[in-house]
Structures are given as structure tokens and as C-alpha cells.
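K.L.:
Protein chains in written order, with the working numbering: chain A, 1 to 479; chain B, 1 to 219; chain C, 1 to 557; chain D, 1 to 320.
If you're looking for bench data, these hints aren't it; they were derived computationally from the structure. Check each hint, because a few of them may be wrong.
[Claimed, not checked] In silico DSBU-like cross-links for lysine-lysine, where the CA-CA straight-line distance does not exceed 35 Å:
| id | chain 1 | residue 1 | chain 2 | residue 2 |
| --- | --- | --- | --- | --- |
| 1 | C | K495 | D | K288 |
| 2 | A | K369 | C | K495 |
| 3 | A | K369 | C | K272 |
| 4 | C | K92 | A | K438 |
| 5 | D | K288 | D | K31 |
The structure displayed is predicted, hence computed values, not measured ones.
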Amino acid sequence: MNFAGLAIALPFVAAALLGLVGKPRQGAIGNAVASLALFGLTLAVFWGHSEGLVAVDPLAALFGTVAGFVGLTAALVNIGYVSADAVRMPARRWRLYHTLFQIVLGASLLGLYADNIGVLWAAMEGGTIAMTLGVSLYRTPTGLEAAWKYFILGGVGIGLALFGTMLVYLAAQPALGPGFAAMSFRALSAHAAHMDGALLTLAFVFILFGYGTKAALVPLHGWLPDSYAEGPAPLTTALSGLLINVALLAILRFRHLLVANQDAMRPGPFLLSLGLASLFLAAFSFSRRRDARRFFGFSSIEQSGISAFAFGIGGPAAIFGGLLHMVLHTLLKSGLFLALIRAASLRGPAAPGNYGFSHMRGLLQANRKIGWLLAGCIFALSGLPPSGLFASEFIIISQTIQKNPYMSLPLGLGLLLCAVAILRNIGPLLFAQAPHEKPKPAGRSAWLIAAHLALVFLVAFAMPLPLVHLLSHAAEALQ
Amino acid sequence: MSLTFSLAHLLGGIILLCAFLQLSQRRLAAMITLYQMEALVLAAAAFWQGFAQHEINLYLTGIITFALKAVLLPWGLREIVLRFNMVRAVETALPMAVSMILGLALIGIAVLVVLPTTMSSISLTREDLAIALSVVLLGLLLMIVRRNALAQIIGFLSMENGLVLAAIGMPGMPFVAEFSVALLVLLAFLVVGVFLLRIREHFDTLDLSGLEKIERRGR
Amino acid sequence: MGVVGNSIGLMFGLPGQGMHLHLDALSLLFGCILLPQVVAASVAGMRASVAFWAFVLGMALALLAADGFTLIFGFELMSAASWLLVMQGDRKPATLYAGVAIFSGACLIPALFLPASSLAFVLIALGAGAKAGLAPLHSWLPRAHPAPPAGVSALMSGGMVKVALYVLIRYAFINLAPAQQPWWGEALAAAGALSVLIGALRTVLEVELKTALACSTVEHVGLITVGLGLALYAKAIGDAELSGVALQAALLCAVAHGLFKPLLFIGAGEVKHATGTTSLNWLGGLMRGMPRLGALMLLGAAGMAALPLGPGFAPEFLLFHAVIGAAATGGILARIGFSALLAVLGIGAALALGAAVRIIGLGFLGRPRSLHAAAAEDMRRGPFVAMALLGALAIPVALVPGLLLDLLNPVIMLLAPEAQTPPLAYAPVTLLILAGLAALAAGFVQTRWGVRGLREVPAWNGGFGRPPAWLPFGDPHTQASATGFAEPVMRVMGKGLLGAGMTDPAERFLLAPLFRIQTRLIRLAERVRRATIRERLAFVFAVLVAFLLALGLGQGG
Amino acid sequence: MLAFALALIATALHISLCFAGAPLLMGLVNKLRAWLLGRRGPPVLQPYRHLAKLLRKSTLVPDTATDLFTLWPLGVFLALAVATMLIPSFATGMLTAQAGDYVTIVGLFALARAATMLGGLETGFSFGGAGAAREALFGIFAEGALLVLLLAFALLAHDTSLDGIATVFRTAHIGISVSLGFALAAMLTVALTETGRIPTDNPSGHLELAMVHEAMGLEYSGRLLALLEFAGMLRLLAWMNLIGTIFLPFGMARAAEILSWPGGLALWVGKLLVMAVALSVFEVSRAKMRVFRVPEFLGAALLLGMLASVFLFVAARIGA
């Protein structure tokens with residue numbers, strides 16, 4: 001059965017329904033139900049079969065499942081968020097919010113599952129517009145400013161990506177001729193060797209800039225930190241990582257075309273330079289951040305840079321590392337943001353502006369469980385064991401040394417600086433003296449967050465063999 | 001060289017000229033007029049390609065381009081100019097001469113980049129591609145050298161024209177009409193955004209307004 | 001789980017590869033060094049801490065690792081867990097500590113994958129050296145080690161630095177052996193000498209007991225490293241006897257330090273528990289309230305000062321002999337260097353002696369300097385058992401080092417197969433017998449001609465006035481203070497080596513400039529962050545044009 | 001078997017002579033000093049009487065001291081007693097030769113120093129503390145210098161035990177080299193400091209602020225003071241033996257040859273006499289220096305010790 005098509009269609013149908021009817025809380029519950037169904041469908045995609053514009057390979061199915069999981073947990077936490085915050089916006093706006101939630105999910109899945117580069121582009125565009133509306137949802141000046149930034153920078157990125165897409169199509173003409181075949185990833189990667197190398201290289205630069213904007217690689221990252229910090233957190237913060245994954249996977253797939261083509265330039269230097277720039281800019285931007293959501297926005301830039309770096313290094317093992325890093329980081333960030341939402345709501349409404357580190361300091365006094373879980377998530381982000389990211393970063397560094405030893409120096413330095421800057425925040429967050437307060441209940445979301453952490457740990461260190469095979473085959477195919 | 005190619009070249013050349021002339025304008029009204037011309041020629045180019053390639057899709061694209069870009073959007077833009085009283089010359093970030101030299105350099109780069117490609121069996125020649133790339137880059141440049149929000153939007157629109165120009169030249173490319181619609185949605189959001197957000201003068205002012213307050217609150 | 005070759009594979013670890021563990025003489029030795037400390041620390045009150053056991057697990061994994069991943073995993077797990085423990089004690093040094101820990105990881109990972117070469121050695125030395133607190137990368141250690149609870153401090157000082165040295169030994173002696181160069185050993189010895197000097201000097205000067213002990217750890221790491229450096233040097237030039245003696249010195253020093261330093265740290269924790277402070281300026285006379293603690297600390301201090309009949313003397317003895325042996329080899333510059341090394345070791349030993357005397361004399365003897373010290377009650381049961389265990393194990397090290405050296409032989413054979421180990425010329429039992437004879441003679445003279453009995457009288461207080469009534473133990477200011485005791489050393493050596501502010505040179509010349517650079521880059525990043533949309537677009541555009549240009553030139557040219 | 005018995009007898013003789021003779025040496029030095037200053041001085045046997053008197057006096061303990069107060073004089077005494085036993089006096093090849101490594105001797109001196117300092121800190125008043133602090137400072141350079149000196153000896157003798165050094169220096173033709181001269185100067189400097197003589201300390205001084213060694217024993221009385229004083233006498237003898245063994249090894253007897261003993265004994269007594277005279281002359285001709293000049297004095301010794309080794313390298317053209 002074509003579960004992939006169903007999985008893509010479901011969120012858009014749900015979006016339409018949620019946009020038309022329901023009070024905020026009902027909408028949130030409906031949203032959660034839809035997300036649950038969607039998660040089931042993304043799991044089913046592994047056993048489904050699909051062809052045409054949407055043709056799913058195991059890698060896409062894996063990331064689709066991850067997206068489904070993240071969407072589900074965000075939707076679950078969203079119920080509490082909406083219930084606590086319902087008076088902040090009129091009911092109509094909440095409907096729009098849930099619609100956007102589903103559209104972002106649907107766009108991510110469409111982008112992941114799409115075999116057609118045009119459909120991929122359209123999915124990215126839809127996701128961008130939906131996110132922009134989400135960021136400006138609260139209509140605060142800062143929210144509007146962030147949305148405007150997102151829109152201008154994202155729009156330019158989308159334009160460049162379209163140009164790149166067309167160039168790829170053009171480059172494929174000698175091999176595939178006019179028609180749909182020249183826009184299908186499968187056909188393209190099968191015939192990459194016969195494509196026009198020079199044109200393909202040019203196309204890749206535009207693709208890199210277009211989708212790199214969505215993946216928030218420096219210097220294309222300008223929209224990300226602000227947009228993470230604005231809007232309802234479950235949508236603009238927890239879900240937005242999914243679009244980053246779509247963009248990174250797209251870059252990886254296009255990169256493969258270049259590698260497979262003899263005449264094209266090597267994509268390594270482009271990816272390495274952008275990846276390192278992301279790593280270092282993030283490293284030095286961390287230390288003055290006072291807003292946690294913005295802080296972790298920069299962390300997303302860093303992680304995205306690491307994956308891009310891994311793709312730039314190339315070779316099956318490095319790409320394996322990069323893909324693993326993406327999976328782990330997505331899961332971890334999702335857990336982190338859920339913990340962050342919970343932590344902020346321990347001290348008042350979880351609205352933008354209430355995510356300052358100073359607002360959350362001394363969390364252990366408010367709730368031990370949430371405090372330790374949030375600290376655990378932040379710690380895991382640093383990549384020190386027993387965090388799962390350690391495994392992927394280890395693979396990437398070791399591959400870097402074998403492939404391009406001198407690149408390991410800046411990579412190590414960047415990782416070092418980032419990790420230290422991330423760890424620095426844990427101390428005050430946990431142990432600082434907080435205003436005297438009564439401990440508050442952790443709620444059920446503590447289990448969700450713990451599940452994320454456990455999943456990250458297990459996927460990294462006790463990865464089931466089928467998953468190992470899936471990832472390594474995908475990495476081999478895309479090397 | 002057949003008539004198909006030479007006419008397509010001619011139309012492309014006019015679009016490039018319009019895009020380049022936009023760089024040299026200080027007043028919004030003139031820029032909008034140039035944009036309108038650009039859109040008209042683009043619509044003509046779409047029709048011509050549709051005729052040459054026998055593609056219904058391209059006719060559709062031409063109609064959309066004409067109706068929305070050559071008529072509706074310029075009207076909306078002019079409305080904004082009048083309503084927000086932006087008839088005077090806009091502030092430039094770079095001296096006019098410098099931005100024009102940069103524009104020329106960009107065209108040079110576009111040609112340099114496209115030059116090594118070999119497009120033997122493709123109807124779109126490298127000149128066409130170079131023109132499209134130049135229009136895209138000039139649009140981006142326009143967004144950077146003007147401090148006025150509307151001028152930047154015009155730059156964005158011009159860049160998007162370059163994209164459509166490239167798209168209609170692609171032989172048998174699917175989704176061309178869909179692409180242009182999708183892009184138009186983006187554009188519509190931009191223009192509506194200007195209306196809603198009441199961005200009068202600068203992106204810069206929008207950025208800086210209340211920045212100190214935000215800084216204090218902690219970012 | 002499966003067995004491949006002589007290593008055990010676990011299905012847990014790197015995706016698709018898992019982890020591999022194996023045990024050889026070297027890991028066994030370091031495991032034996034760690035075990036008593038772990039037992040002692042857990043008995044001393046760390047049993048219930050998850051982070052503590054993660055810390056232990058990390059060290060165990062690092063010691064048992066048969067592949068690079070397991071090694072780094074264990075190493076960094078150890079760092080991460082100890083970071084958490086440090087942070088619970090004191091947030092200030094935690095960030096620096098984390099930075100150093102990750103730095104060593106970042107140096108070690110490349111080194112594991114590089115082929116055997118000098119570069120790999122330098123990276124190993126930097127990575128393991130930073131973690132072990134080897135000068136000039138030591139300045140974090142005196143800040144971080146005193147922060148956590150005493151049991152953890154003990155394990156960090158006695159165990160964690162050993163794990164770092166273990167990595168250094170395993171790679172420098174075994175894995176990188178094909179590429180070994182004499183200068184590796186010389187460089188290690190020089191770094192060790194620097195550590196000895198700075199560590200010992202700061203031990204004398206620090207007022208906080210735990211900080212002083214941490215500085216002493218820097219010194220002992222330096223001693224071990226000097227031994228290792230000499231062994232490496234000897235191995236490279238093919239001097240069988242020297243490499244044997246130097247390895248004996250280094251390994252025995254590691255064993256001894258692993259016993260007396262945790263003992264001292266746990267004791268310091270008890271002092272903190274009983275008096276609420278570890279500042280020597282507020283202690284004094286603890287021997288009255290805490291006689292058992294005082295006796296055990298005396299044993300530890302004897303080890304720290306490397307006094308004969310204490311656990312620390314035999315390694316120091318061997319080390320001196322190793323340096324003398326090394327001075328008989330090599331070029332004239334190397335020889336002069338080795339004689340300077342000898343002088344440094346001598347000065348270091350004397351400084352350590354002064355430091356140990358200061359800790360015992362000011363902390364446990366004389367009059368109390370505060371009411372808390374006067375009211376100190378005897379130690380708790382757990383820490384006493386822990387310290388007694390370590391003390392009991394230290395006694396064989398002190399009295400029969402020769403037997404212990406025989407046990408070290410397999411390790412030495414593993415590290416330097418051609419090494420020869422001459423018998424130890426230091427015989428503590430003989431000294432003990434001679435001392436017994438002398439004591440007998442003195443006792444005989446005393447019973448034959450002397451009178452018995454002691455009479456307690458007020459001592460002459462040096463002419464100071466009567467202390468006020470609220471100071472029943474007298475005015476502390478009429479007694480030498482910790483700062484005052486160190487003052488002559490400070491005046492003569494401290495100012496020259498540490499500068500007027502008594503800041504560590506590593507902080508002034510290494511850390512401070514790094515922080516300045518970082519601040520500058522942060523400002524730059526902030527400038528980027530504040531950019532307007534137009535400027536951000538300009539960045540994008542500039543990089544795009546740059547890439548296109550690169551492309552055009554790359555393809556056109 | 002016979003050799004062992006002879007060595008045993010020689011060792012016993014060595015130990016008993018040293019223990020019995022140490023006060024005599026101290027008395028002799030005091031007498032000589034007095035003579036040189038133009039005084040009559042105490043009798044040569046005065047130290048024995050002094051010790052006997054102290055033994056019969058009651059022993060006072062300050063109420064501010066802890067229970068370990070009595071331990072430190074014993075520690076000082078035992079460390080120095082063992083050191084004295086290990087340093088050869090009139091013969092080589094004694095039973096203690098194996099244990100008598102130079103480094104061990106240095107360690108025993110350090111042990112004695114530590115016990116002295118702890119005794120000084122024990123009283124809980126300022127003079128003991130000040131004395132201990134200064135002693136700690138002096139020890140730094142003294143120990144460094146002593147160890148550096150060992151390098152020169154070890155390079156010449158290829159042995160690090162005192163017995164071995166003496167055997168080599170007595171038999172092999174070393175000659176009078178520059179480096180040994182440097183070494184002797186350095187050794188003497190350290191010896192003067194360690195035994196608390198002028199110019200670094202004044203053995204008969206009673207101005208508390210200037211005292212180092214004496215300040216640390218200020219609160220001791222009765223038999224504990226006797227122990228400390230006797231240890232001081234042993235220290236003087238041990239140092240003289242040390243210098244005699246290394247720098248004046250000629251004529252030392254062999255423990256296994258009983259016939260060489262009388263000569264060795266006579267020469268030993270002669271050497272001690274010479275050194276006592278030299279010490280007295282030096283002491284009366286110099287003034288005591290300020291405390292903070294002592295480190296410079298000892299630092300010079302350290303450098304001399306280093307120079308001794310360097311000259312050895314140069315002279316032997318090693319490595320160059």
C-alpha cells in the first residue's frame with residue numbers, strides 16, 4: 001500500500017479540519033490524535049510501497065518516522081501548552097496555529113518522501129510560509145520582526161533553490177532528456193555520471209545556498225535564532241528542526257550527484273567551509289545568549305554545521321556519522337525543547353520571553369525531575385558520553401582524520417568551544433539560588449522527555465542491526 | 001540560428017536591461033515601471049516559448065505572469081507608494097555608480113560561470129542561462145543596495161522574474177506553471193506583509209526599532 | 001558479547017562495531033591502583049551518588065579499552081561525570097574543567113587514528129597531560145580538584161590523573177613504540193620537572209588544605225612523568241638498565257601516590273566536616289580532638305613529603321637514581337639538562353617536605369586558631385575505615401618496596417621488553433632495625449640514668465599579653481599562620497616564579513591570552529548577530545558570489 | 001664467615017665510637033672556638049655532663065602542645081642515629097654499607113629536619129613557627145645542592161652508596177680535579193647550614209628572633225632536650241664523617257682486614273680533629289648573615305654543585 005501518500009495527505013486533511021472548527025483545547029487534542037495517526041503511518045511506510053512523485057527509500061522512511069515521533073511528542077506537550085495559554089490569543093488564531101502545525105508536519109514529510117526535486121522544492125516553500133505565519137502568530141513586535149527576517153531570507157533561499165533545481169534539470173538533459181525523469185532523484189542518481197558536470201556544479205552551488213538557508217548554515221543562518229525564539233514554542237521551536245533535516249537530506253542527495261559525476265567539481269570544500277563557519281559562529285555566539293530558545297537555535301546551527309561538515313568529508317563512514325548525527329540531534333532537540341517548555345511553564349506562562357536562563361535558574365528547587373531532565377538534555381547536546389551524540393561525533397572526527405587530517409583541527413576546536421559554552425549553562429540552571437518557591441508537579445511530560453533521552457542513548461550505543469544496515473546502506477548509496 | 005532562439009534572446013536581453021536599469025533608479029515609481037516592463041516582456045517570452053515548444057503550460061504561465069505581475073502587482077505597489085507617501089527618492093546604501101559597476105561585474109561573473117557549460121542538444125543556449133542568472137543576481141544586488149523596504153521587494157520580484165525566465169526556457173520542464181504560482185504566493189505574502197507591517201522606510205529601522213529594549217530583556 | 005583474539009567484544013557501543021575490552025598487565029596494575037581508592041571513596045560517603053559510579057565506570061572502561069572508541073568513551077565519561085561532581089561542589093572552576101576535559105578528548109581522538117609518529121605522540125602528551133595536570137596545562141587542577149566532596153577529590157587526584165597517565169604510558173610505550181624518538185622522553189621529563197617545581201612551590205604557598213593537596217598532585221604527576229620521560233628516553237637510546245629503573249620509579253610512584261593522596265583528601269574532607277573549613281589559617285591543634293585522623297594524616301604527609309620509611313620515599317629514591325643514570329648518557333646539553341633536573345627534583349622534594357610539615361604542623365599541632373578547630377570531634381566511621389584501608393595498604397609500600405617492584409616486573413617487561421631491573425638499594429627494614437637499636441640504647445640510657453614523668457606547664461608565650469576571655473586557646477595571632485609560614489619561601493622563590501600576585505604562570509601566559517582572544521571573537525560574533533536584514537542578505541550574497549567566482553575560475557582555468 | 005664477623009665487629013665499633021664520641025667532638029669544637037676567641041672555654045667533657053644533667057631534670061610539656069610533643073625529639077634522634085650508623089667512619093665494607101646509599105642519607109637528614117620543624121610548630125607560639133619556616137626555606141636549597149653533588153660523585157665513582165664512593169675515591173686515581181673542589185665548597189656550605197653553625201645560624205645564640213635551630217627546640221626540657229642535644233651532636237659528627245668519607249677517604253681501613261683498623265682509626269680521629277679546627281677557625285672569622293641572605297648562600301652551593309658536574313662533563317669530553 002502507498003502509506004507514504006497517506007502519510008503526506010493526512011496532515012493536510014487534518015490541517016483543513018483543524019482550521020475550520022474547534023476550541024483551542026479541542027484543537028490541541030485533535031492535533032495530537034492526528035499526529036498519533038501520522039506517527040503510525042510513518043512507521044507503516046517501512047512496509048509500504050510507493051512510486052511516482054513520492055517514492056520512499058528506507059532513509060527517507062527513517063527520517064519520516066523520526067519526524068512523526070517528534071511531531072507526536074510535540075503535539076502531546078502541546079495539549080498542556082494550549083490549555084495553559086488559551087487566553088493569550090483568540091480561538092480563531094489557535095485554529096490557524098494547529099493548521100500550521102499540521103502543515104509543517106505535512107511539508108516535512110512531503111519533502112522527505114518526495115522523489116521529485118520539484119515536489120521537494122514545493123514542500124520547502126510551503127514549510128517556509130507556514131513557519132513564517134507561525135513565528136508571527138503572537139503579533140508582538142519582536143515576533144513580526146523575526147517573521148519578516150524569516151520571510152526575506154527564506155524567500156531568497158527558496159528562489160535560489162528553485163534556480164538550482166532548474167539547473168539540475170538542465171544538467172540532466174544529456175542523460176535523461178525532457179520530462180519527469182530528469183527531476184526524479186532515483187533517475188538522477190542512476191544517471192549522474194552522464195550529466196553535464198559543469199552545469200551540475202553550478203546547480204549544486206545554488207542548491208547549497210537555497211537549501212543551506214533552510215538548514216541554517218552560516219552565513220545563511222540569519223533567520224533561525226530569532227524565529228526559534230518567537231511564536232508558540234511547540235511549533236516554531238520543537239517542530240522547526242524537521243525542516244532542517246529535510247534541507248540537509250536534500251543537500252546530501254544533490255551532493256551525491258556531484259560525487260558520482262566525473263566532470264563536476266568536488267562538493268567537499270563548499271560543505272566543509274559552510275560547516276566550519278556554522279560551528280565557529282555558533283561557538284562564539286553562545287556565550288552572550290540569555291534566552292534559552294535563541295541559545296538552542298544557535299545550537300541547531302552548530303549541529304547542522306557538523307552534519308554538513310560530515311557530508312563534506314564524504315565516504316560511507318562519514319556520511320553514516322552525519323546521518324546518525326542528524327537522527328540523534330533531532331530526537332535530542334525535540335526532548336530538549338519539550339523539557340524547556342515544561343521548565344518555563346513551571347515559572348509562569350510558557351510564552352516567548354519567559355525562556356531566559358535567568359528566568360529558569362535554580363530549576364531543581366521548582367522540580368527536581370524536570371530540572372535533571374533538562375540538564376540531561378543540555379548535557380547530551382555537548383556530545384560528552386554517555387550522550388549519544390558522542391558516537392556520531394566520534395565517527396565524524398575519526399573519519400576526518402583519515403580523510404583530511406588537517407580539517408580535524410578546526411573541527412575539534414569548534415566542538416570544544418561549543419561543548420564548553422553549552423555546559424556552562426547547566427550549573428546555574430540547576431544549582432543557582434532561586435526565589436523561594438514550592439516544588440511543582442512534573443506532569444506526564446517528564447516521561448516523554450526521558451523517553452527522548454533514552455532513545456538517543458539506545459540509538460547511538462545499542463543500535464539495532466536492521467537500523468545499522470539501513471543507515472550504512474543509505475550512506476554507501478549516497479557516499 | 002533560428003528565429004526561435006533569436007527572439008528568445010531578444011526578449012531575454014530586454015529583461016536583463018530592465019533589471020539593470022532598475023539599479024540606476026532612485027525613485028520607486030520608476031523602478032515599478034521598469035518592473036512592469038520586465039513582467040510584460042517576460043509574459044511575451046513565456047508565450048513565445050509556449051509557441052515554440054508547443055506547451056500549454058507555458059501559455060498558462062504567460063497568462064499568470066501578465067495578469068498578476070504586469071498588472072496586479074505594479075498596481076498594488078503603486079498603491080503602497082501613494083498611501084505611505086514614498087514618492088521621493090530612496091536612500092541608497094552604495095553610491096549609484098558603484099552599484100552599477102557591481103551590476104556589470106555580476107553579469108560578468110554570470111557569463112564566466114555559465115561559459116564552461118556545454119549545451120549542445122538543448123534548446124536553451126548558454127546565453128539564455130547567463131541572462132537568467134544575471135537577472136537573478138541583479139535582483140539580489142538591488143535588495144542589498146537599497147535601504148527602502150519596497151525597493152527591496154522590487155529587487156526580490158525582479159529576481160523571481162529571472163527564475164521564471166530560466167524556467168520557461170527549460171525544455172519540457174514539468175511544473176513550470178506550478179512553480180510560478182508558488183512563487184507568486186510568496187510574492188503576495190511579501191506585498192501583503194508590507195501592508196500589514198506598515199514598513200515605511202527601512203528594513204534597517206524595522207530591525208533597530210526597540211532593539212535596545214529587546215537587548216535588555218535578554219536574547 | 002563475543003571474544004575476538006584476546007579481547008572481549010560488547011554489543012554495546014559504536015553502531016555496528018560495539019566495544020572491545022581487554023586486560024593486560026598494565027591495565028591490571030592501574031586497576032589495582034584504582035580499586036582501593038574506589039572502595040575508600042565509596043566507604044567515605046559517595047556510595048549513593050550516581051555520578052560517582054559513572055565516574056568509576058568511565059575510568060574502568062578507559063583502563064580496559066581495547067579500541068579507540070572505548071578508550072575515549074571511558075575517558076570522556078570519566079571527565080563528564082567528574083565535571084558534574086565538581087559543579088555540585090563549586091560552579092566556578094567547572095567550566096574551565098570541562099574545557100580542559102574536552103580539550104584532552106579533542107587531542108586524544110586524532111592521536112588514536114594517526115599512524116605512529118611524533119605528531120601522534122605530541123597529541124597524546126597534550127591530551128593526557130592536560131587531563132593529568134601536567135605543566136603547563138595544570139592550572140585547572142588546583143581549582144577543580146578541591147571542589148567536589150572529599151571522596152571524589154580523592155578519586156580525582158589519586159585515580160583520574162592515573163588514568164590519564166595510563167593512556168600516556170600505553171600509547172607512548174606500546175602503540176607508538178615503532179616511531180619513538182629520544183626527544184619524546186626529554187620533552188616529557190622537562191614538562192614533568194616544570195610540574196614538580198610549580199606544583200611543589202604552590203603546595204607550600206596555598207592556604208587551603210585541599211588546594212594545597214591538589215597542587216601536590218601536580219607535583220607528583222610531574223614526578224611520575226619525569227620517570228616516564230626518562231624511561232622513554234632510555235628506551236629510545238637503548239639503555240636497558242636506565243629504562244628499567246625509571247619505569248620502576250614512575251610506576252611505584254603511581255602506586256604510592258594512589259594510596260597516600262586519597263588518604264589525605266579524605267582526611268581533608270573530615271577536617272572540613274569537623275570544623276567547617278579547610279583553611280590552614282583557621283585550623284590548628286586538631287590532634288587533640290581528632291587523634292585517629294591526625295595519625296593517619298601523618299602517614300599520608302610522610303608519603304607526600306617522600307620521607308624515608310614513608311610510602312613516598314622508594315619511588316623518589318629510584319627516580320633520583322634514574323636521573324643520575326640518565327646524566328651519564330647523551331650529549332653535553334642533555335647532561336646539563338639532567339643535572340638541572342636533579343636539582344629541580346631535590347628542590348621539589350624539599351618543598352614537598354616543607355608543605356607536608358606545614359599541613360601537619362599548622363593543622364594538627366599547636367594551638368587551635370578558631371573555635372571550630374578547638375571544638376572538632378573525632379572523625380566519622382566511614383571515612384575512618386576508608387583512610388585506615390588506604391593507610392594499611394600504604395604500609396607495605398613503605399616497608400617492603402622491593403617486593404612490590406618484583407610485582408611490577410611484568411608491566412615493565414610489557415612496556416620495555418629489554419629493560420633490566422637492578423635490586424633496590426633502599427632497605428627500609430634495615431633502617432627500621434637500626435632505628436630500633438638506637439631506640440633501645442636511648443631507652444636503656446633513660447631507664448638507667450634518667451628520671452621519668454612529664455609535667456604540663458604553661459609555655460612561654462613570647463611576651464604577648466594575656467589573650468581575651470573569649471579565646472580559651474589563646475590568641476591565634478601569636479602563633480605562626482599558614483601565610484606566615486610560607487612567607488620566607490614566597491619571598492625567596494615565589495615572587496620570582498609566580499610573580500607578585502602569586503598567580504600561576506600558566507594562567508597568566510596561557511589562559512589569560514586565550515580568554516582575551518575568545519572575548520574578541522565573541523564580540524565579533526555579536527556584531528554579526530546584530531546585523532540588519534540587509535546586511536545579512538549582503539553576507540549571503542557575498543558568499544554566493546565568492547563561490548560562483550571560485551567555480552568560474554576553477555572551471556575556466 | 002670470618003669476614004662477616006669482622007664486619008660485624010667493625011660496625012659495632014663504628015657505631016659505639018660514634019655514639020660515645022659525638023659529645024666529645026662537640027666539646028672539642030666549643031673549646032677550640034673559645035680558645036680562638038681568647039677565652040678559656042668549657043671543659044672538653046662538658047657536653048657529657050650537660051647531657052647527664054638534663055637526663056635527671058624533670059621534663060616539662062607546654063599545655064598548648066599535643067600528645068605528639070614527645071615524639072619529635074625521638075624522631076630527630078632516631079633519624080640522625082640511623083644516618084650516623086650508615087655513614088662510614090674509619091672503615092669501608094661494614095655491614096651497613098649496603099643500606100648506606102647517599103640518597104637514603106639525604107632522606108634521613110630530611111626526616112630529622114621534618115621532625116625538628118614539627119617540634120617547633122608543636123608549641124603553638126611564634127618562635128617555633130618562625131624557626132620552622134626558616135628551616136623549611138633553607139632545606140629547599142640545601143637538599144637541591146646535596147642531590148646535585150651526588151651526580152658528580154656518582155659519575156666519578158659509578159656508585160651511589162657512600163661506601164662505594166669512598167672505596168673508589170680511596171683506591172682509584174681521581175686526582176685533585178676542579179669539580180671535586182667545587183663539590184667540596186658546596187658540601188661545606190650545606191654542612192654549615194644543616195648543622196646550624198655560623199654564618200647561617202648561631203649554635204650558642206640566644207636572641208630568639210635570629211635563631212633557627214635553637215628556636216625550634218625552645219620549649220623542650222629534661223630528657224627530651226637531652227635527646228635533641230645529643231641528636232645535634234650526632235649531626236655534627238655525621239656531617240664530618242660524610243665529608244671525611246667522600247673528600248678525605250685516604251687511609252680508611254677495610255672492615256675485612258683487622259690489621260688495617262688501627263691505622264684507619266687513628267687517621268679518622270686525625271681527620272675529625274682537622275675538621276674541628278677548620279670549623280672553629282671558620283666560625284670565629286665570619287659573622288652571622290641575615291636570614292634572607294642564607295638562601296643566596298645556599299643557592300651558590302647549588303650552582304657550585306651543578307658546576308661540578310658540568311666540569312666533569314667538559315673534562316671528560318663527554319658527549320661533545
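K.L.:
Which constraints among the numbered hints does this structure fail? Numbers only, ascending.
P.N.:
Result: hint 2 breaks, nothing else.
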